[in-house]
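Chain A is fixed; fit chain B onto it per the hints.
Number of protein chains: 2
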Amino acid sequence: MSQIHLEIRIKPRPGLLNPEGKAIHHALQSLGWDGVDDARVGKVVYLDLDAPSESDAIEAAHAMCRKFLANPVTEDFEVSVVGKTADA
Amino acid sequence: MSQIHLEIRIKPRPGLLNPEGKAIHHALQSLGWDGVDDARVGKVVYLDLDAPSESDAIEAAHAMCRKFLANPVTEDFEVSVVGKTADA
Numbered sequence: 030m031s032q033i034h035l036e037i038r039i040k041p042r043p044g045l046l047n048p049e050g051k052a053i054h055h056a057l058q059s060l061g062w063d064g065v066d067d068a069r070v071g072k073v074v075y076l077d078l079d080a081p082s083e084s085d086a087i088e089a090a091h092a093m094c095r096k097f098l099a100n101p102v103t104e105d106f107e108v109s110v111v112g113k114t115a116d117a
Numbered sequence: 030m031s032q033i034h035l036e037i038r039i040k041p042r043p044g045l046l047n048p049e050g051k052a053i054h055h056a057l058q059s060l061g062w063d064g065v066d067d068a069r070v071g072k073v074v075y076l077d078l079d080a081p082s083e084s085d086a087i088e089a090a091h092a093m094c095r096k097f098l099a100n101p102v103t104e105d106f107e108v109s110v111v112g113k114t115a116d117a
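Residue numbers (this note's numbering), protein chains in the order written: chain A, 30 to 117; chain B, 30 to 117.
Any given hint could be a false lead.
The list cannot tell twin chains apart, which means a pair is met if one copy fits it or any two copies do.
Think about it this way: if two alpha-carbon atoms lie no more than 27 Å apart in a straight line, the pair counts; the simulated DSS-like pairs of lysine-lysine are [stated by the list, open to error]: (1) K96 x K72; (2) K113 x K51; (3) K96 x K113; (4) K72 x K113.
In case anyone wonders, no lab produced these hints; they're calculated from the structure.
The following block holds chain A by itself, in its conformation from the complex (with noise of 0.2 Å):
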């Protein structure tokens, strides 16, 4: 078994409402970035997981994703390893 580390990114559907986003694409004009042309918010969570392998972690996270930690409705993710501790 090794720790994998996971970042899971799950973001709001495009053409879904995001009112975060809508309030820091309007803070950030105000403070000067008039460049900005939309701005959408998610959330990203860091896992540790205990796991066989690093496809074996992914599935899990998809799992976890599809199960509890993404809104199949309105929101997509994406997971990814950024890293891995050998256990002794």
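Chain B alone, transformed into the frame defined by chain A:
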């Protein structure tokens, strides 16, 4: 000018309390994923930004993080270019 698509990941600094991560960690364990050792939650901002070059866009995003998007005491940030649309 091109439209640069950026992904800005804002994550809690290691060692700081992350109550949302703790809640997710417990929930995943209750759902049977007992291989999870730690969970931390941050946010991810997707920006579409008009900029002369990718490096200008990245520099602007760093300034936005320092000034507004990230908490300099409790959060770290990373900026990646995830796409580019050439303007006519």
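We went through each hint and held it up to the structure:
no.: 1; hint: K96 x K72; result: both (16 Å within a copy, 20 Å between copies)
no.: 2; hint: K113 x K51; result: between (36 Å within a copy, 21 Å between copies)
no.: 3; hint: K96 x K113; result: within (24 Å within a copy, 33 Å between copies)
no.: 4; hint: K72 x K113; result: both (22 Å within a copy, 22 Å between copies)
In the structure shown, no violation is registered for any of the earlier numbered hints.
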